[in-house]
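**Student:** Sequence:
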Amino acid sequence: PRGLTQHNIALPSRNRSGTGSSESLGLSSPKNTLSLSTVKPKPHIIHNNLREVYVSIADYHGDEETMGFPEGTNLEVLDKNPNGWWYCKVLDNGRPRKGWVPS
1 PRGLTQHNIA LPSRNRSGTG SSESLGLSSP KNTLSLSTVK PKPHIIHNNL REVYVSIADY
61 HGDEETMGFP EGTNLEVLDK NPNGWWYCKV LDNGRPRKGW VPS
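So for the sequence shown, the UniProt record's numbering puts the first residue at 1; every next one is plus one.
If you're looking for bench data, these hints aren't it; they were derived computationally from the structure. None of these values were measured; they are calculated from a predicted model. A few of these clues could be false.
What the hints assert, rightly or not - In silico SDA-like cross-links for lysine to any residue, where the CA-CA straight-line distance does not exceed 25 Å: (1) Lys-89 / Val-77; (2) Lys-80 / Asp-92; (3) Lys-89 / Asn-74; (4) Lys-98 / Tyr-87; (5) Lys-89 / Leu-50; (6) Lys-89 / Glu-76; (7) Lys-89 / Thr-66; (8) Lys-98 / Gly-84; (9) Lys-98 / Trp-85; (10) Lys-98 / His-61; (11) Lys-98 / Glu-64; (12) Lys-98 / Ser-56.
Whenever a hint applies, use it, and build me the whole structure from the sequences.
**Tutor:** Right, here's the structure in full:
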């Protein structure tokens, strides 16, 4: 988000004299001026304890370098490689397994 720049906004008072001058509209009166201060974005840290978990939509038969799993397996993503392979942990019951799977 970008910061807001400071603006002075004059609120017109009722013009009873009918002259229409800026003074009669209250444009020069400091008591009718609103000041919007500059808002600077503050850096913030997001502490995200959420896990990235996916459910497989098909069986995958792994090999010596990849992990196989049946359809419906819950996989927690531990690392994503830009080449399209994810290093995952199987979250289903049984012995815990980790390995590379296609994304």
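**Student:** Against each hint, give a clear statement of whether it holds in the structure.
**Tutor:** Hint by hint, here is what the structure shows:
1. Restraint check for Lys-89 and Val-77: the C-alpha separation of about 7 Å stays at or below 25 Å, so the hint holds.
2. Our distance criterion of 25 Å between C-alpha atoms is met by Lys-80 and Asp-92, whose separation comes to about 20 Å.
3. Using a Cα cut-off of 25 Å, the hinted pair Lys-89 and Asn-74 holds, with the two alpha carbons roughly 8 Å apart.
4. The straight-line distance between the Cα atoms of Lys-98 and Tyr-87 is roughly 7 Å, inside the 25 Å bound, and the hint therefore holds.
5. At most 25 Å may separate the alpha-carbon atoms for a hinted pair to count; Lys-89 and Leu-50 meet this at roughly 15 Å.
6. Between Lys-89 and Glu-76 the alpha-carbon distance is near 5 Å, which keeps this suggested pair within the 25 Å criterion.
7. The hinted pair formed by Lys-89 and Thr-66 meets the criterion: a straight-line CA distance of about 12 Å does not exceed 25 Å.
8. The hinted pair formed by Lys-98 and Gly-84 meets the criterion: a straight-line CA distance of about 17 Å does not exceed 25 Å.
9. Proximity of Lys-98 to Trp-85 is assessed by CA-CA distance (about 13 Å); at most 25 Å being required, the pair is judged to hold.
10. Using a Cα cut-off of 25 Å, the hinted pair Lys-98 and His-61 holds, with the two alpha carbons roughly 14 Å apart.
11. Taking the CA atoms of Lys-98 and Glu-64, the gap is about 13 Å. The hint holds against a cut of 25 Å.
12. Pair hint Lys-98 plus Ser-56 holds up; C-alpha atoms about 15 Å apart against a cutoff of 25 Å.
Every hint, counting from the list given before, is met by this structure.
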